[in-house]
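Residue numbers for the sequence shown, in my numbering: 1 to 188.
Quick caveat, the hints were computed from the structure, so don't treat them as lab data. Where hints are given, some of them may not hold.
Unchecked claim - Here are the computed distance ranges between Cβ atoms for each label pair:
id, residue 1, residue 2, range
1, 34, 71, 40 to 46 Å
2, 108, 39, 23 to 29 Å
3, 96, 173, 20 to 26 Å
4, 34, 70, 32 to 38 Å
5, 73, 151, 20 to 26 Å
6, 14, 71, 33 to 39 Å
7, 106, 28, 21 to 27 Å
8, 170, 117, 33 to 39 Å
As the list claims (entries may be wrong) - In silico EDC-like links for lysine to aspartate or glutamate, alpha-carbon gap of 20 Å or less:
id, residue 1, residue 2
9, 184, 155
10, 47, 108
11, 184, 135
12, 77, 153
13, 56, 3
Here the structure is a predicted model, which is why all the values come from computation and not from measurement. C-beta: ideal position from N, C-alpha, C; glycine also.
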Amino acid sequence: MNDKQTQLIEASIDLFAQEGFWNTPTSRIAKHAGVATGTLFNYFESKDVLIDAVYKQLKQEWMSHMMTGYPENGSFKARVEHIWFRFIDWGVRFPVRYSLMTQLKLSDLVSEEAKQSQAAELAFAYTMIEQGITDGQFVDVPPGYLGMIFYADMDAAVHFAIENNLGDMSLTRHITQGFDIFWKGVTG
Numbered sequence: 001m002n003d004k005q006t007q008l009i010e011a012s013i014d015l016f017a018q019e020g021f022w023n024t025p026t027s028r029i030a031k032h033a034g035v036a037t038g039t040l041f042n043y044f045e046s047k048d049v050l051i052d053a054v055y056k057q058l059k060q061e062w063m064s065h066m067m068t069g070y071p072e073n074g075s076f077k078a079r080v081e082h083i084w085f086r087f088i089d090w091g092v093r094f095p096v097r098y099s100l101m102t103q104l105k106l107s108d109l110v111s112e113e114a115k116q117s118q119a120a121e122l123a124f125a126y127t128m129i130e131q132g133i134t135d136g137q138f139v140d141v142p143p144g145y146l147g148m149i150f151y152a153d154m155d156a157a158v159h160f161a162i163e164n165n166l167g168d169m170s171l172t173r174h175i176t177q178g179f180d181i182f183w184k185g186v187t188g
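Using the sequences plus the hints, can you model the full thing?
Quick look at the structure:
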C-alpha cells in the first residue's frame, strides 16, 4: 500500500468513525486526506471498494495484534487466553477503530468477498474451538455457537473496559476475571 492509499484509508477511518460511513462523501474523505478528489478513485474504484479496504485494514491490524506473541506450542488454555487478552487489549487501545470494525462487520456495505477473505484468517480459531470440543476441553456444543459466545464475551469485556475507563492494573484484573468466568462457563 502506498502513502496516498494509506492517507485515504486513515482519513476514511477518522471520518467514518465521526460521521458514519453512510454519511461521508468521497470528496470529504479526499479533502481530509489532503489529496485531490479524483485521486481517491485512482486507488479505489468506488466508495464500496474503499469501505472494503477500510474493513480489511482494521481486521488486519486486529489480527496482527492478536497474533503477536501467540504461544503456538503453549497449552490449549494458554492459547485461548492469549487470544482473549490480545482481542480485548486491541479493542481498549484502539476504541474508535474497534467500534468502526464492529459497525462495518454488521453492515451490509462490506462485500461478502471482503468478509470471507478476513474469515480465512480466523480459521485457526475455529479449528482450535473444534479441537477443544473434540478433546473434551470445551463443553460439547456446536463450534459456531461456542465461537459466538467467545466473541460476545470478549466484546462485552471491551465495552465495559472502555465505558469504565479501565487502565493498567484494573484493566488487567478485568481481563483476567472475564477470562476466568468465560473459561468456567465453557469447560464445565
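Status of each hint after checking the structure:
no.: 1; hint: 34 with 71: 40 to 46 Å; in the structure: 42 Å, holds
no.: 2; hint: 108 with 39: 23 to 29 Å; in the structure: 27 Å, holds
no.: 3; hint: 96 with 173: 20 to 26 Å; in the structure: 24 Å, holds
no.: 4; hint: 34 with 70: 32 to 38 Å; in the structure: 37 Å, holds
no.: 5; hint: 73 with 151: 20 to 26 Å; in the structure: 25 Å, holds
no.: 6; hint: 14 with 71: 33 to 39 Å; in the structure: 35 Å, holds
no.: 7; hint: 106 with 28: 21 to 27 Å; in the structure: 23 Å, holds
no.: 8; hint: 170 with 117: 33 to 39 Å; in the structure: 37 Å, holds
no.: 9; hint: 184 with 155; in the structure: 18 Å, holds
no.: 10; hint: 47 with 108; in the structure: 13 Å, holds
no.: 11; hint: 184 with 135; in the structure: 16 Å, holds
no.: 12; hint: 77 with 153; in the structure: 16 Å, holds
no.: 13; hint: 56 with 3; in the structure: 17 Å, holds
In summary, this structure violates none of the numbered hints.
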